[in-house]
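Heads up: the protein sequence lines correspond to chains A and B, in order. Using full-length UniProt numbering, the letters of the first sequence correspond one by one to residues 1 to 430. Using full-length UniProt numbering, the letters of the second sequence correspond one by one to residues 1 to 430.
Derived by calculation from the structure, the hints in this document are not laboratory data. You may find that some hints are simply not true.
[Said to hold, decoys possible] As a list, the in silico EDC-like pairs of lysine to aspartate or glutamate whose alpha-carbon atoms are at most 20 Å apart: (1) B:K311 with B:E300; (2) B:K311 with A:E228; (3) B:K211 with B:E310; (4) B:K281 with B:E323; (5) A:K281 with B:E228; (6) A:K281 with B:E209; (7) B:K281 with A:E228; (8) B:K281 with A:E209; (9) B:K211 with B:E60; (10) A:K281 with B:E300; (11) A:K86 with A:E419; (12) A:K311 with B:E228; (13) B:K281 with A:D278.
Protein chains: 2
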Amino acid sequence: MRRKQIHEWLQSHREEGVRFLQRMVQVPSTQGNEEEGQRLIAGKMSELGLELDWWEPEGERLAAHPFFYSPRSWFAGSPNVVGIWKGSGGGRSIILNGHMDVVPAGNREQWQDDPFSGSVVDGKLYGRGATDMKGGTSALLLAIEALQGVGVQLKGDVILQSVIEEESGGAGTLAAILKGYQADAALIPEPTNMRIFPKQQGSMWFRLEVKGRSAHGGTRYEGVSAIEKSMIVVRHIQELENARNTRITDPLYAHNPIPLPINIGVIQGGNWPSSVPDTVKLEGRMGVAPEEKLDEAKAEMTAWLARLAEKDPWFVQHPPVLEWFGARWVPGSVDPGHDLMQVLIQQYREVRAEEPVIEASPWGTDGGLLTQLGETPCIVFGPGITEVAHYPNEHIVLDHIFEAAEIIALTLIAWCGLEGDEHGGEENMH
Amino acid sequence: MRRKQIHEWLQSHREEGVRFLQRMVQVPSTQGNEEEGQRLIAGKMSELGLELDWWEPEGERLAAHPFFYSPRSWFAGSPNVVGIWKGSGGGRSIILNGHMDVVPAGNREQWQDDPFSGSVVDGKLYGRGATDMKGGTSALLLAIEALQGVGVQLKGDVILQSVIEEESGGAGTLAAILKGYQADAALIPEPTNMRIFPKQQGSMWFRLEVKGRSAHGGTRYEGVSAIEKSMIVVRHIQELENARNTRITDPLYAHNPIPLPINIGVIQGGNWPSSVPDTVKLEGRMGVAPEEKLDEAKAEMTAWLARLAEKDPWFVQHPPVLEWFGARWVPGSVDPGHDLMQVLIQQYREVRAEEPVIEASPWGTDGGLLTQLGETPCIVFGPGITEVAHYPNEHIVLDHIFEAAEIIALTLIAWCGLEGDEHGGEENMH
Numbered sequence: 001m002r003r004k005q006i007h008e009w010l011q012s013h014r015e016e017g018v019r020f021l022q023r024m025v026q027v028p029s030t031q032g033n034e035e036e037g038q039r040l041i042a043g044k045m046s047e048l049g050l051e052l053d054w055w056e057p058e059g060e061r062l063a064a065h066p067f068f069y070s071p072r073s074w075f076a077g078s079p080n081v082v083g084i085w086k087g088s089g090g091g092r093s094i095i096l097n098g099h100m101d102v103v104p105a106g107n108r109e110q111w112q113d114d115p116f117s118g119s120v121v122d123g124k125l126y127g128r129g130a131t132d133m134k135g136g137t138s139a140l141l142l143a144i145e146a147l148q149g150v151g152v153q154l155k156g157d158v159i160l161q162s163v164i165e166e167e168s169g170g171a172g173t174l175a176a177i178l179k180g181y182q183a184d185a186a187l188i189p190e191p192t193n194m195r196i197f198p199k200q201q202g203s204m205w206f207r208l209e210v211k212g213r214s215a216h217g218g219t220r221y222e223g224v225s226a227i228e229k230s231m232i233v234v235r236h237i238q239e240l241e242n243a244r245n246t247r248i249t250d251p252l253y254a255h256n257p258i259p260l261p262i263n264i265g266v267i268q269g270g271n272w273p274s275s276v277p278d279t280v281k282l283e284g285r286m287g288v289a290p291e292e293k294l295d296e297a298k299a300e301m302t303a304w305l306a307r308l309a310e311k312d313p314w315f316v317q318h319p320p321v322l323e324w325f326g327a328r329w330v331p332g333s334v335d336p337g338h339d340l341m342q343v344l345i346q347q348y349r350e351v352r353a354e355e356p357v358i359e360a361s362p363w364g365t366d367g368g369l370l371t372q373l374g375e376t377p378c379i380v381f382g383p384g385i386t387e388v389a390h391y392p393n394e395h396i397v398l399d400h401i402f403e404a405a406e407i408i409a410l411t412l413i414a415w416c417g418l419e420g421d422e423h424g425g426e427e428n429m430h
Numbered sequence: 001m002r003r004k005q006i007h008e009w010l011q012s013h014r015e016e017g018v019r020f021l022q023r024m025v026q027v028p029s030t031q032g033n034e035e036e037g038q039r040l041i042a043g044k045m046s047e048l049g050l051e052l053d054w055w056e057p058e059g060e061r062l063a064a065h066p067f068f069y070s071p072r073s074w075f076a077g078s079p080n081v082v083g084i085w086k087g088s089g090g091g092r093s094i095i096l097n098g099h100m101d102v103v104p105a106g107n108r109e110q111w112q113d114d115p116f117s118g119s120v121v122d123g124k125l126y127g128r129g130a131t132d133m134k135g136g137t138s139a140l141l142l143a144i145e146a147l148q149g150v151g152v153q154l155k156g157d158v159i160l161q162s163v164i165e166e167e168s169g170g171a172g173t174l175a176a177i178l179k180g181y182q183a184d185a186a187l188i189p190e191p192t193n194m195r196i197f198p199k200q201q202g203s204m205w206f207r208l209e210v211k212g213r214s215a216h217g218g219t220r221y222e223g224v225s226a227i228e229k230s231m232i233v234v235r236h237i238q239e240l241e242n243a244r245n246t247r248i249t250d251p252l253y254a255h256n257p258i259p260l261p262i263n264i265g266v267i268q269g270g271n272w273p274s275s276v277p278d279t280v281k282l283e284g285r286m287g288v289a290p291e292e293k294l295d296e297a298k299a300e301m302t303a304w305l306a307r308l309a310e311k312d313p314w315f316v317q318h319p320p321v322l323e324w325f326g327a328r329w330v331p332g333s334v335d336p337g338h339d340l341m342q343v344l345i346q347q348y349r350e351v352r353a354e355e356p357v358i359e360a361s362p363w364g365t366d367g368g369l370l371t372q373l374g375e376t377p378c379i380v381f382g383p384g385i386t387e388v389a390h391y392p393n394e395h396i397v398l399d400h401i402f403e404a405a406e407i408i409a410l411t412l413i414a415w416c417g418l419e420g421d422e423h424g425g426e427e428n429m430h
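Generate coordinates for the entire structure from the input sequences, incorporating the hints supplied.
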């Protein structure tokens, strides 16, 4: 009955919902340029009567935190915004988290339309951030708006967060955690293709400097090619990847051919065709298992690299230099039997009349921070299309946004409890 | 008798000789900045009564020549200078060729002293260009000065060339050839460690673009790593190098473990640690055998790369793109039995009382252009130290400059002939 009301409310407000997402996508909220987008969100939050918290992350405690990473330490003009929909009391609280920052548009020529057009074609909305993850955030706002539209008052608090810096290391969500935001559970609608991810892979960036010895190319036998040595290093790392993946038995990874990839993304060495290169730099991303600690993964890499000398005695005197740099994403793991999982799966079945796909994510989100550091078990589930995130012609299927909004609205009722309803909310608190 | 006079003249003018080289080294005559150095040379040529030719290379004929390569097409302020010591007639002529341009000093911190200090320590003169090849050029000037000092008049012409652009493709020597300079033979005192090179390796630069397919590093199995594919390409090229070297039977290469190296000097691919790289660029130098044509070597590389698909079907649809770019040095080959070889070897034995080392050079010089295009068989022999050319703390052993000057002076007598002498010069003309 209530499901029907919510469904109808969403159908009859489809146009406004699409227009709001369009406006959000048309704001190019890349790193450092989030303020205008956040104003849009804050405006909508005010409209919905949420209690607003708007602040620019700052301070020593943030920057010195072991989980802090950002290429910048100055967030003026880049506010976080949180809106609280206070419950009437006695229900379970939930954090709903989306990020405002989008990655750069990249090469304009690879886009069929303006990267920030927000244009709608064949039921899809196009533009940078449409999928990752303004579409997800708009589903959160629609869920709250629909609940209010049909006259629902929840028992538990809904804490809606629109954060900065997800794409560059999670400093926005970290700042929200350090400010004290915590709840009984959390949901992040990152682009999962409507799959449900109770676990997520973490990752860290590493850099390796592989050494050779310079010489003129005409007498290259007098030198040692860092390019040839780097090939040994790349193969050695592939073996580590194999070894780590044979340990993965989690059924949530059953359909993933490489659950814990080690990706070498960048190679750079030498500066003159006629010289033997004396250095090659490799940069990559090491996947971290949902239950693994970042430090454990680092230690395994270090120990493995020490064994390079078994492959080639060159490495005895010239071991590659390993450095962990740049972004890292904390992994997260929520028991697939967790109550919020049960609730979410149940609502998914109701709305879509099919079984959801439940997997472990092959990439990190701010959910790892919420689960590990914020003590708020976080599940990732959203309407965006994984494959087009960060790519030209990024888009989202509008139907999925409204389906996700419906599932989330029903999940909020079941999780936070309905005022005046004996069932839901309180009774599920253990 | 005459040898003794020349030897003594050189010994008694050692100080002036060193001072002149010092002044030359103190002029940082990198590409585009050769004029001041050329003025020094021209001044000395005038002092010696040589007939001067000073010009800035230019023109369509030069730029359109198939052997032309330079990163620039504008040589204003970068003159060639040629000085002719006219013979009295009836003798064989010779081109003596040195280049004024030096490679950049590189990282100052790797130099113990200022890179253009010209300072003398323990019988060695230090600075960029000391070995490559202002020391060689000063040996040429000393040889002529010594001959004049002891009252020698040669029968054949001596054409002394100080050219630009050797380090970047030979446009200076090419311009001199196109201007009509030709002789019965040529000598270039590039840094050979006093070895005699009748043959020299040519070389060409190539670039390979190896393709992959991009994907997020977390799902790297959805992509194809251009880094992994480039490893196959590098190994494939190593096999081509092997194949080419097994064909080399020339005894002049007996002591060279890789007579015809293919050096991969630069690798560059990917731009994000978390992405599967879709392109890797390789840049390298392909050695060309003394008797080989550049086009033959190019054709062999092209045919070999076409066989990559046998190693990995990926290359059927995604063959690497091969491009020949930048500098190339034409190989050169003079019969080891050539008269100038005989003369030079004889004088070497006289002066150094030992057998010279005769080899094929592992790198190109402007000698290839002189031999192949200028129809002037060219031998390379000089006092510089191969190993320190292009490196920090470049230096030259001063004794070797004076020994080389003596050998060259005696060679000029034997080759060009002595006025009023029935022996030498004419009688050796076949």
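We went through each hint and held it up to the structure:
Between the alpha carbons of K311 (chain B) and E300 (chain B) the distance comes to roughly 18 Å, so the proposed pair stays at or under 20 Å and holds. For the hint pairing K311 (chain B) with E228 (chain A), the CA-to-CA distance comes to about 18 Å; that is within 20 Å, so the pair holds. For the suggested pair K211 (chain B) and E310 (chain B), the alpha carbons sit about 17 Å apart, so the restraint of at most 20 Å is met. For a cut-off of 20 Å, the pair hint linking K281 (chain B) to E323 (chain B) stands: about 11 Å separates their Cα positions.
Between the alpha carbons of K281 (chain A) and E228 (chain B) the distance comes to roughly 15 Å, so the proposed pair stays at or under 20 Å and holds. With a CA separation close to 19 Å, the supplied pair K281 (chain A) and E209 (chain B) stays within the 20 Å bound. The hinted pair formed by K281 (chain B) and E228 (chain A) meets the criterion: a straight-line CA distance of about 15 Å does not exceed 20 Å. With a C-alpha separation of about 19 Å, the suggested pairing of K281 (chain B) with E209 (chain A) holds against the 20 Å cut-off.
Between K211 (chain B) and E60 (chain B) the CA atoms are separated by roughly 37 Å; this puts the pair beyond 20 Å, and the hint is violated. A threshold of 20 Å between alpha carbons decides the hint, and for K281 (chain A) with E300 (chain B) the separation of about 31 Å lies outside it, so the pair is violated. Under the criterion of a C-alpha separation no larger than 20 Å, the hint pairing K86 (chain A) with E419 (chain A) is consistent with the structure, at around 12 Å. For the given pair, K311 (chain A) sits about 18 Å from E228 (chain B) by alpha-carbon distance, which is consistent with the 20 Å threshold.
Under the criterion of a C-alpha separation no larger than 20 Å, the hint pairing K281 (chain B) with D278 (chain A) is consistent with the structure, at around 17 Å.
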